[in-house]
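Protein chains in written order, with numbering that gives the first Met the number 0: chain G, 0 to 78; chain X, 0 to 595.
Simulated from the structure, these hints should not be mistaken for laboratory data. One thing to keep in mind: the hints can contain errors.
[Said to hold, decoys possible] Once the Cα atoms are required to be at most 25 Å apart in a straight line, the calculated SDA-like pairs of lysine to any residue come out as:
(1) K69(X) / S38(G)
(2) K16(X) / V61(G)
(3) K55(G) / K536(X)
(4) K21(X) / V61(G)
(5) K16(X) / V24(G)
(6) K536(X) / D556(X)
(7) K21(X) / R77(G)
(8) K209(X) / N15(X)
[What the hints assert, rightly or not] Pulled from the structure, derived: some chain X residues nowhere near chain G, Cβ distances all over 12 Å:
(9) I13
(10) R18
(11) L124
(12) E353
(13) N548
Computed from a predicted model, the values in this text were never measured in an experiment. No residue lacks a Cβ here, since even glycine has one placed at the ideal position from N, Cα and C.
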Amino acid sequence: MKKDEIYERLNKVFRDIFDDDSIVVTESTTSNDIEDWDSLEHINLIVAIEQEFNMKFNMNEVTTMKNVGEMVDIIISRI
Amino acid sequence: MNELQYPFNVEYLIKNKKRIKKELLLKPGLLDKNIAILGGSTTSEIKNMLEIFLLNYGIKPKFYESEYNKFYEDAIYGNEELDNFNPDIIYIHTTNRNIINYPSMYDDEETIESKLNDEYQRFELIWKKLKEKFNATIIQNNFEYLYYRLLGNKDASDIHGNTNFITRLNQKFYDYANKTNNFFINDINYVSSCYGLDKWSNQFYWHMYKYAMEVPAIPYLSFNLANIIKSIYGKNKKALVLDLDNTLWGGIVGDDGVDNLSIGPEVPSGQVYLEFQKYLKYQKSLGIILNVNSKNEYENAIAGLNHPGGILRPDDFIIIKANWNPKNINIKDISEELNLGADSFVFVDDNPAERQIVKNYIDGIAVPDINVPEDYIRIIDHNGYFEITNFSSEDLQKNDLYKDNAKRSQMMATFDNYEDYLISLKMKAEISTFKNIYLERISQLSNKSNQFNLTTKRYSLADIQKINDSDSYIKIYGKLEDIFGDNGVISVVIGNIKNKNELHIDLWIMSCRVLKRNMEFAMMDKLVEKAKEKNIKTIYGYYYPTLKNKMVNNFYDLQGFELISEDEDGNKIYKLEIDNYVNKNNVIEVISDEER
Chain G
0 MKKDEIYERL
10 NKVFRDIFDD
20 DSIVVTESTT
30 SNDIEDWDSL
40 EHINLIVAIE
50 QEFNMKFNMN
60 EVTTMKNVGE
70 MVDIIISRI
Chain X
0 MNELQYPFNV
10 EYLIKNKKRI
20 KKELLLKPGL
30 LDKNIAILGG
40 STTSEIKNML
50 EIFLLNYGIK
60 PKFYESEYNK
70 FYEDAIYGNE
80 ELDNFNPDII
90 YIHTTNRNII
100 NYPSMYDDEE
110 TIESKLNDEY
120 QRFELIWKKL
130 KEKFNATIIQ
140 NNFEYLYYRL
150 LGNKDASDIH
160 GNTNFITRLN
170 QKFYDYANKT
180 NNFFINDINY
190 VSSCYGLDKW
200 SNQFYWHMYK
210 YAMEVPAIPY
220 LSFNLANIIK
230 SIYGKNKKAL
240 VLDLDNTLWG
250 GIVGDDGVDN
260 LSIGPEVPSG
270 QVYLEFQKYL
280 KYQKSLGIIL
290 NVNSKNEYEN
300 AIAGLNHPGG
310 ILRPDDFIII
320 KANWNPKNIN
330 IKDISEELNL
340 GADSFVFVDD
350 NPAERQIVKN
360 YIDGIAVPDI
370 NVPEDYIRII
380 DHNGYFEITN
390 FSSEDLQKND
400 LYKDNAKRSQ
410 MMATFDNYED
420 YLISLKMKAE
430 ISTFKNIYLE
440 RISQLSNKSN
450 QFNLTTKRYS
460 LADIQKINDS
470 DSYIKIYGKL
480 EDIFGDNGVI
490 SVVIGNIKNK
500 NELHIDLWIM
510 SCRVLKRNME
520 FAMMDKLVEK
530 AKEKNIKTIY
540 GYYYPTLKNK
550 MVNNFYDLQG
560 FELISEDEDG
570 NKIYKLEIDN
580 YVNKNNVIEV
590 ISDEER
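Generate coordinates for the entire structure from the input sequences, incorporating the hints supplied.
This is the structure:
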């Protein structure tokens, strides 16, 4: 799967979860950039991304990833 | 909404819950309820999922959520926000993470016993404090098992085992539940086992976010909880409408012939349908009304139901529609004949095309995707359509009641004059001030009645008990029996006395089983009699329109009241001076067994 395609699918998950069609995620996107992205929504986001790409993050990854770019790197390494 | 039926597409729900919520909020006639969630772990997503399931049931929750793991403090010491919130429901979401002292191998029997009691007492204190402070229904989780067993299989039987400890603690909760009104157990022990305990207990979610179960399991938990709540507020389904061919038996009776149907203990394909029939027969014994809706010649349908391998018989059903009409038309007819809204039906059919038609045409009906015959029972059962909270003896008799009504209809056809028919029924009514034995039924009726309901006010058992104990209300119930049978308590009127000589009717309801029997006039006569005893001069009646209560739009006009105001939403206020009131009922013999 190409990086572009991953971003495209990821973007759709973000839009669904935050119910906001104006969201465009990039490598550098962090929780500071999206208003509703708090720790409680974070978990729903993680679950939805895991289901979208049929993979699992481990605890270490979830606690250390700093932005969407790092998230995508993990997804690529897993699929 | 179809996506909110079991089994769930969890991925879809998690992604779309905001959109689903927006859509459901547009539904008219939502019932507002305040729900306090007191959690022993994170509850945020449990609340979100609960909200969409409740909205789907027509209940619009407002939430109070305790701070993380503050269930004990909130209950025992209280806080202003919770006190002012005035909850209708208090849900205590605790799990095995909230058990403080598990047994250890060094403990003797006595020590373990006292650990068990300490754990239990802590919870009992919570419930008692909450009951003292709030007039609310309490829903308490039991405990799920741990995902590891220190003693292996012995963990279940040995008093030192955590599994054993949890089992015994749960039993203590059940004992309390069995002797306490307005207290219900949310059985997460069962839900977690259906879901799979290892998956349920995924520790990632605990260590990362302090969720006591994995997030994808939450829809199952919240759905289970929503079912208890909707049952309390009378939103259970009431009737099953069943297809025949390949639903109640294998094969097509019209094509294959009765002798070639798969039903009975001999072969696997016959066993699976027999088990399903047995399950339905149990449902019937719980007061669920069974009906048939099948594309068949009537004779063939009856022949199939008399197949010796089956256990359901034609007289287990109240209405059998076996014809070639579209199934949605048959459902409308069944609804009219039973005097029950089609939104209280569950339609069961193996054919996805028929299911789709019924879903499209009948608003609010439940249509489970029952999949293959070996899944029928699980899918219907886990949807919780008939969740039992308050079970009254009326429920047990319900099938008989509907059957009696069918006989009355036949008899009515033999009279030209309706009043002659009513007299021939030799009706006897008991109309009195509330009695303790009927309080549960009265509360149930107030929550179930939608059509013959002037104000659509809902009363929990606790509310009814309060009114029962108060002198500022006139509160009467009516029972009605006739030559065909006893209908039980079918009408309730609650009037609030204000300004010494005014009576304001807060609630007037009647079961649709006894429509057009003049029972409402007998109730009015008694209400006026009671009002006069209390020196009431004027009775005020209120009509608040809903989607379902159009049938009583002119109720107070018929009772001789004068309309004094009507607003643009159609809310009406009436009054009646009772000095010269003349009794209206002359077909029902009224027995009054008041203790004065």
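Notebook entry, point to check: What hints, given by number in increasing order, does this structure fail?
Noted result: 3, 4, 7, 9, 10
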